[in-house]
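Spelled out from the first residue to the last, the chains are:
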Amino acid sequence: MAATLKGVLQGSLADNVKNSKILVVGAGGIGCEVLKDLVLTGFKTIEVIDLDTIDVSNLNRQFLFRKEHVKKSKSQVARESVLKFNPDVDIKAYHDSVMSPDYDVNFFKQFTLVLNALDNRAARNHVNRMCLAADIPLVESGTAGYLGQVTVIKKGLTECYECQPKPPQKTFPGCTIRNTPSEPIHCVVWAKHLFNQLFGEDDPDQDVSPDTEDPELTAEAGQSALQSEAKTDEIGGIERKSTRVWAMNTGYDPEKLFNKLFRDDIKYLLSMETLWKKRRPPQPLNMTQLPSDTDGNSSAIRDQRQWSVKECANVFSDCLGQLKKELATQGDGGMLVWDKDDETALDFVASVANIRAHIFGIAMKTRFDIKSMAGNIIPAIATTNAIIAGLIIMEAIKILSGKIKSCKTVYLNRVPNDRNRLLVPCTLDPPNPKCYVCAPKPEVTVVVNCTRFKVGALQDKVLKSYLGMVAPDVEIDDGKGTIIISSEEGETEENNDKFLSDFGIRNGTRLKCDDFLQVYSLVVTIAHVEKLEEEKEFEVVGDLSELQPQEEQQQAANGSKPHNGGDKADGQCTVPCLNPWAVLTLSDL
Amino acid sequence: MAETKGSGLDKNNKYDRQLRLWGDHGQSALEAARVCLINATATGTEILKNVILPGIGSFTIVDGHKVRGEDVGNNFFLLADSIGKSRAQVATELLGELNDDVTGNFVEESVETLLESNPDYFSTFSVVVAINLHEKALLQLGGVLWEKNIPLLVCRCYGFIGYLRLAVREHTIVESHPDSALEDLRLDRPFPGLQTFCDSLNMETMTKKEHGHTPWLVLLYKYVQEWKKTHDGQIPKNYKEKNMLKEMIRKGIRQNEEGVPELEENFDEAVTHVNSALVTTRIPSEVQALFDDPCCTNINSESKTFWILCRALHDFVHNEGNGDLPLRGTIPDMTSDSERYIQLQNVYREQAATDMTAIRNRVHALLQSLGRDEPVFVDPKPCGAVSDNEIKTFCRNAAFLRLVRCRSLAEEYGTNTVNKDELNMHLESEEGDDLLFYILLRGVDRFYDEYNRYPGRDNSDVEPDIPKLKTCLTKLLHDWGLSGTVKEDYIHEMCRYGASEVHSIASYMGGVVAQEVIKILTTQFVPINNTYVYNGFLQTSTTVQL
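Note that the protein sequences, when read in sequence, are chains A and B. Every letter in the first sequence is one number past the one before it in the numbering used here, and letter 256, counting from 1, is 256. Every letter in the second sequence is one number past the one before it in the numbering used here, and letter 204, counting from 1, is 1204.
Note that these hints are calculated values from the structure, not bench results. Mixed in with the good hints, there may be bad ones.
[To be verified] Cβ pair distances, simulated, as ranges:
no., chain 1, residue 1, chain 2, residue 2, range
1, A, Ile483, B, Pro1178, 51 to 61 Å
2, B, Thr1281, A, Thr53, 49 to 59 Å
3, B, Asp1333, A, Gly251, 36 to 46 Å
4, B, Pro1178, A, Gly333, 45 to 55 Å
5, B, Gln1545, A, Asn19, 44 to 54 Å
6, A, Asp339, B, Asp1449, 51 to 61 Å
7, A, Pro291, B, Asp1199, 26 to 36 Å
8, A, Lys277, B, Glu1226, 23 to 33 Å
9, B, Asp1333, A, Lys531, 29 to 39 Å
Quantities reported herein were computed from a predicted structural model and do not represent experimental measurements. In this text, a Cβ means the ideal position worked out from N, Cα and C, and glycines have one as well.
Input sequences plus hints: build the corresponding full structure.
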């Protein structure tokens, strides 16, 4: 091969390829293809990291894995499979999370190039920061069904992964889930919460009982419901105990659980009359008096046939029994983790979601559809991954030949667009000077109510979950250097339940936030408000000017410069039919 | 739960992520397919890999070559110790490991020999993929498959260039999965069931809750009836008229005692949907073209099921359908109480079922008149009875039916039938485009005919080949009757490639070609018609009809 390739990979490029050291992050759909392409293009030194194990549903595209590899480490099996075909390559595999502190900036600095083949935003954010800190070029990619995208990120030269705000991951207000579901997805989310309440990790944000603090309940209506029911009725009594403890005490008795969840709790909801003034009220169900089976459409396969309420109740019963057994095998204090590819866990969610949908007059769904909703499933096929991997290698080759400036962001369309283009290449944008990650002195403003927002929430919800830090340290910029959050275990845990205002944090306070692993420092300015819209707990904005009336600015911006539109086109660029980052934020493993 | 045990479950899980793209029936079509690959080069095995993983029925590799050292370097499915062995055999064995549900076969013979000894050999396949064929064999194979209407995909990776050509005489698509389709609501021409249902609802006498939860579809129907009264029975046609209708709807929002309008989301929705929902129901031009096609007007006992369905559809439109296609029968989500939403849904469903029954009766009458209404074969064979599911899918997609008829390879290569205009356009384009590489590929073939090797191949210095290739191109263009020339730097680039097969390009084209194979086998989505050229260095690509 070397002989034939030498002509194509000109001059020193073939040597650059041979002498380079590549990190592939992810050994899933794209990762498998990339590993194969690297080896067959002449790359000799490769490291691959993935914390995942192989699942049956990977086998339709992740061609380095076979049936007998199911449940084994992806990175290690991928390495072995590639070596079987090409023994003279040096591949090192890590079965680990790339976000672990073991992979610090020095680890990243040893590579010529990093190729991302990831499936989630948190890891993409992290690798983006590590590559910025190490100043190593990164090729970022993603696929979703027939769509795909590849781009190149280089510190100071291009936009980083976080330069453009991405659409927030969709969440639903707690009271919609608990009190007033109106779409199938609300019932699916509730069913997953119930799974965790009964068998999984206890999360107070995933309560499944009726929510008496629903803002729709005017003070008196909510109170009267509480007073008339809660103290006298046993339902109210149950509520005070955790769902888990109560369920365990009944021995996960299907009828008792069913009648509490689908009869008594619903009756309780009905007592909050204001909720049903403009809505169809739910109809409580009794396990022993379920509507009889009507549908005779049993020819279709189980996955894609709509179950009747009665069938759902039976599945619910069966699952409770099985999950109870599984939980018992975990020992004391053990718990189950919900997994879309676990048959029983999925059956449980499908049956529960459908029973709840029936109660609220919402369309019921098949198990197949519920799997997709509950597991956030993105369709994935071999062809798209093969195409995207090919594009990734071409960009890598350009970087190694010193032509990083001619690299492109490439979008793969589902069908050729109206200009007969299947691919849409666009020139890379320069860094966003206001980016809260790659700007020289990154800053953001966080809008909260300082008297109601806790330090723990600042750490978990704002700094870690929203701003992508792994182990933040926070000090108040008050001249005294008060540390409110420390990444060292045991140093500041006692602060977690205190409000920001307890530390004198108020409107205009500046917080110096650092993540040593990511070599990332961010100044957070607090903007205090009494109440945020739509039940939001906090909001992150680039700078304070964005807090001012936004619409006019946005319109002006839209009018002059279409976002990602024709103006950065490269002869071929038309506005892609997908959100530029949608694919990179969802996307295949 | 008993029925989920066994291999069925395994397949559902294994193929879960793709079933969400093409469904069970698409998967069944794949599993019934027999795919033939000619020449197991890196590109060839990449294509096969991408159709074996999703589970085609079987594949067969036709390849007379022995494995050489350079094959091993860029082909994942050949090993160092396979050198000297049959390439067809080694690739079949290693590809076979990818999926237990797929059967692999091989024929250790060159396509030329096989065409000579047994030209009918290829007619047993669902689709044939040919890599790096020389012109003579290509045209001969193309002729055989064209005759049998078996799709042929011709593919080639040459340096940084990828090339794909689809040659199929006729490919029909029921489920074309359009990117954006308007709902089929018939507000301009309401069917009796819709009229009866909407007329039975009286907005005046409704409670406040009912009023605010009346589906916007009903509101729009009512206001359009109102509008028609004063506009000669016409629906609002232009922007201005639609705005007037919106105003009428807004006035219908109830007011409270103080004269302040209530918050009625359904009215807001009705206003928003005026533009998209109030469209003239008509037969799409693609479907009209199908009706006018001789295959539809002259059906006979040999006709494909698709054409019999088309004919039944045509006859339906001109009789029971009163000029319209069968109703799709689905409505979008909307603010409503569930009771009336379900009633409305049923109104549409029932009409769709009635339309489907009418078409089914016509299909069976047609089949009977052709002496074919016997369940001889199960689809997709062009004979025998047609299943209700097939008719249902056909009706639901009636507005999206598509037909692809490619130009034949013989036409593309014939000096009198070559698509001169298209080629000339690209030859003269200022900045130069991807299609120049098509001309260059034809040029290197000419070079091969003359020198029995490709330019830049087996030659450390490519310079001497540049003028030679240039001469070949001049002759080629002259034969086509074109006077332009190909820029020197393109010719140089082509010589530099030396006919090498770069793996990343093979990987890319392996994905693209496999995707087209899947489209063809599942008869879902519209395949590329007919030529696709990828330029790996610029990351650009073009589709043209040659």
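- At the C-beta level, are proline 1178/B and glycine 333/A separated by a distance inside 45 to 55 Å? holds, 53 Å
- Query: Quick one: are proline 291/A and aspartate 1199/B within 26 to 36 Å, going by C-beta?
  - Reply: holds, 31 Å
- Do the Cβ positions of aspartate 339/A and aspartate 1449/B conform to the proposed distance bound of 51 to 61 Å? holds, 60 Å
- Message: Tell me if the beta carbons of aspartate 1333/B and glycine 251/A are separated by a distance inside 36 to 46 Å.
- Response: Once the Cβ atoms are compared, 41 Å apart, the range 36 to 46 Å for glycine 251/A and aspartate 1333/B holds.
- Item | Range hint compliance [Cβ, glutamine 1545/B to asparagine 19/A, 44 to 54 Å] | holds, 45 Å
- Item | Outcome for the supplied range 49 to 59 Å, where the beta carbon pair is threonine 1281/B and threonine 53/A | holds, 53 Å
- Would you say the C-beta atoms of isoleucine 483/A and proline 1178/B sit inside 51 to 61 Å of each other? Holds - the Cβ-Cβ distance for isoleucine 483/A and proline 1178/B, about 58 Å, lies within 51 to 61 Å.
- Message: Range first: 29 to 39 Å. Now tell me if the beta carbons of aspartate 1333/B and lysine 531/A are that far apart.
- Response: holds, 31 Å
- Take the C-beta atom of lysine 277/A and the C-beta atom of glutamate 1226/B, compute their distance, and say whether it sits inside 23 to 33 Å. With Cβ atoms ~30 Å apart, the hint holds.
Comparing the model with each numbered hint stated earlier shows that all of them hold.
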